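Trainee: Listed below are the residues making up each chain.
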Amino acid sequence: MAVVSNRMIRPDVGRVWFRSRALARQARPGQFLHLRVPDANAAILRRPFSIHDVVGDRIAILYRVVGDGTRALSALSAGAPVDVIGPLGIPFRVMPSRPPLVVAGGIGIAPLQFLLRRMTARGLHPRLLYGCLTRSALLPHLAVTRAVTTDDGSCGGRGLVTAALAREIGRRPGAAVYACGPWPMLRETARLCRERGVPCQVSLEARMACGVGACQGCAVKGTAGYLTACHDGPVFDARTIDWDQGVAV
Amino acid sequence: MAARRDAIDLSVSFAGLRLKNPVIAASGTFGYGTEYRGLAAAFGAIVTKTVTAAPRAGNAPPRLCETRSGMLNSIGLANVGIEAFLRDKLPALAGCGTVVIANIAGNDVAEYGALARRLDDAPGVAAIEVNISCPNVKQGGAAFGADPAAAAAVTRAVKRATALPVIVKLSPNVSDIAPVARAVAAAGADALSLINTLFGMRIDIERRRPSLGNVTGGLSGPAIMPVALYHVHRACRAVGIPVIGLGGIATAADAVEFMLAGAAAVQIGTATFVDPAAVRSVARGIAGYCRRQGLSRAAEITGGLRC
Numbered sequence: 402m403a404v405v406s407n408r409m410i411r412p413d414v415g416r417v418w419f420r421s422r423a424l425a426r427q428a429r430p431g432q433f434l435h436l437r438v439p440d441a442n443a444a445i446l447r448r449p450f451s452i453h454d455v456v457g458d459r460i461a462i463l464y465r466v467v468g469d470g471t472r473a474l475s476a477l478s479a480g481a482p483v484d485v486i487g488p489l490g491i492p493f494r495v496m497p498s499r500p501p502l503v504v505a506g507g508i509g510i511a512p513l514q515f516l517l518r519r520m521t522a523r524g525l526h527p528r529l530l531y532g533c534l535t536r537s538a539l540l541p542h543l544a545v546t547r548a549v550t551t552d553d554g555s556c557g558g559r560g561l562v563t564a565a566l567a568r569e570i571g572r573r574p575g576a577a578v579y580a581c582g583p584w585p586m587l588r589e590t591a592r593l594c595r596e597r598g599v600p601c602q603v604s605l606e607a608r609m610a611c612g613v614g615a616c617q618g619c620a621v622k623g624t625a626g627y628l629t630a631c632h633d634g635p636v637f638d639a640r641t642i643d644w645d646q647g648v649a650v
Numbered sequence: 006m007a008a009r010r011d012a013i014d015l016s017v018s019f020a021g022l023r024l025k026n027p028v029i030a031a032s033g034t035f036g037y038g039t040e041y042r043g044l045a046a047a048f049g050a051i052v053t054k055t056v057t058a059a060p061r062a063g064n065a066p067p068r069l070c071e072t073r074s075g076m077l078n079s080i081g082l083a084n085v086g087i088e089a090f091l092r093d094k095l096p097a098l099a100g101c102g103t104v105v106i107a108n109i110a111g112n113d114v115a116e117y118g119a120l121a122r123r124l125d126d127a128p129g130v131a132a133i134e135v136n137i138s139c140p141n142v143k144q145g146g147a148a149f150g151a152d153p154a155a156a157a158a159v160t161r162a163v164k165r166a167t168a169l170p171v172i173v174k175l176s177p178n179v180s181d182i183a184p185v186a187r188a189v190a191a192a193g194a195d196a197l198s199l200i201n202t203l204f205g206m207r208i209d210i211e212r213r214r215p216s217l218g219n220v221t222g223g224l225s226g227p228a229i230m231p232v233a234l235y236h237v238h239r240a241c242r243a244v245g246i247p248v249i250g251l252g253g254i255a256t257a258a259d260a261v262e263f264m265l266a267g268a269a270a271v272q273i274g275t276a277t278f279v280d281p282a283a284v285r286s287v288a289r290g291i292a293g294y295c296r297r298q299g300l301s302r303a304a305e306i307t308g309g310l311r312c
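Chains A and B are the protein sequences, given in the same order. Sequential numbering from 402 applies to the first sequence in our numbering. Sequential numbering from 6 applies to the second sequence in our numbering.
Just so you know, these hints were derived from the structure itself, not from any lab. Worth double-checking, as some hints may not be accurate.
Covered stretches of chain B, going by a simulated chain A footprint (3 or more residues, C-beta under 8 Å) [unchecked claim]:
no.	stretch
1	28-39
2	76-90
3	275-284
Partial selection, computed: residues in chain B whose CB lies under 10 Å from chain A [as the list claims (entries may be wrong)]:
no.	residue
4	A62
5	G63
6	N64
7	P67
8	L69
9	T72
10	R73
Computed from a predicted model, the values in this text were never measured in an experiment. Here a beta-carbon is modelled for each residue, glycine too, at the ideal position from N, C-alpha and C.
Can you build the whole structure from these sequences, using the hints too?
Mentor: Encoded structure:
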């Protein structure tokens, strides 16, 4: 798999497009790629990235530069070969008979862009609720009906995206929720959905080693014991997660 | 005269086992052998994840933390327990195309014996690896591996309980591995494997919290390779039984170093996380080394160190 393009779309967030006919064909929204980034200052492990988008034979991931691995990733230029395992993990299960509410927090838009694209391709009309700290942190996404919230009110409604969700759930009877974002956002999303009897799927992240369920390293606490983010997830039915004791990275 | 390209015999035989190549999947890094689809057959043998008498949930997350040239884990022997292992996991390995070694850990000496007895006539198990070196559990684990008398007691209990070859996996978290190696050999072990992970920890400085939920963990990966090689070298000089070398092996050259130091075979683990195909490049590279050195058999590398 080779890099087609790689650029920073925000000061700390990059988007890289790869070309791989096989991966683009197999990928389903919610799955991830396990990337090996060379020359990452003695960082040896692969890094899991949600599949952000698929267009034709190209496949994209979003990354926030936080450490040696993502810094090395940001330095890859077009044509660079990339060692990837994937697509891995359990994808979102789209419920076509229910109006989709897609809830994103910050860089949590990463797997949801691909989900929105596939939903609209199927003739569904997803509504995106997108929350960010501030206007400049909003990331580009598919043009669907949406409501934006920012913590500081610099774009859209002021406040948390989960407050918007609480309102939207009431307006869309029979909805299904698909969410990715920071742990507190997901916890509140799960709580609201449980309260209203709305099916809710969440995409979780955890530090990973193997990516295939062999090492048990990416454990997430479920209501019936530990689950692996790589193999049992990364997309989970929110009811199977222990939101009180589960630990996010 | 250089050996012919197709003439390198990669097979190794020790402790009553015959492996098609000397590269073994290390316990805990290869699950129950089926997670990496189709990969088991590339190995000379696979060691399944440590199984205990009762199922274990494992430690609180985060269980992983990357380090320079390595990683820390504090999985805590999460496993399905011996009964589910025998019922669900072992049958799935039938026809996996390689030798299966089951790894066990007990809370006490009697439990090690009981686990070995349960595995003794289990179809498809070629040998038992005895984990007396897990750094991430409170009871048992590395405590047995740090004390020659306790290590010998575990070895005797397992040997009494099974006719299968018994491999005892030693801890590097000792001031001298030789006394433990000698005690285990004298107690009847058929082979040793070493090293398990080194105690380690990291701290998230912004949150002022340990990076691992369990506070401390076990260090693996290329960072520990020279330490592992040192212990293997010492153990090979201390005992006459076969030694399986592991610890940070990522390349064929690493594997050859362990074999030159006296290892009859090697295990790779963290390298598989980095590159699932590492087993193939390591095995291929061992053959290449044999060709360069004019050896016809990989087994001839073992103990070839000049010093």
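Trainee: Taking the hints in turn, state whether each one holds.
Mentor: Outcome of the hint check:
1. 28-39: Contact hint for the stretch 28-39 of chain B vs chain A: holds, 4 residues under 8 Å.
2. 76-90: Holds, because 4 residues of the stretch 76-90 of chain B bring their Cβ atoms closer than 8 Å to Cβ atoms of chain A.
3. 275-284: With 6 residues in contact (Cβ-Cβ under 8 Å with chain A), the coverage given for the stretch 275-284 of chain B holds.
4. A62: Holds - the Cβ of A62 (chain B) comes within 10 Å of chain A, reaching about 6 Å at its closest.
5. G63: holds (6 Å)
6. N64: It holds, given that the least Cβ distance between N64 (chain B) and chain A is near 8 Å, below 10 Å.
7. P67: holds (6 Å)
8. L69: Holds: closest Cβ of chain A sits about 4 Å from L69 (chain B), inside 10 Å.
9. T72: Constraint on T72 (chain B) satisfied, holds at 9 Å.
10. R73: holds (4 Å)
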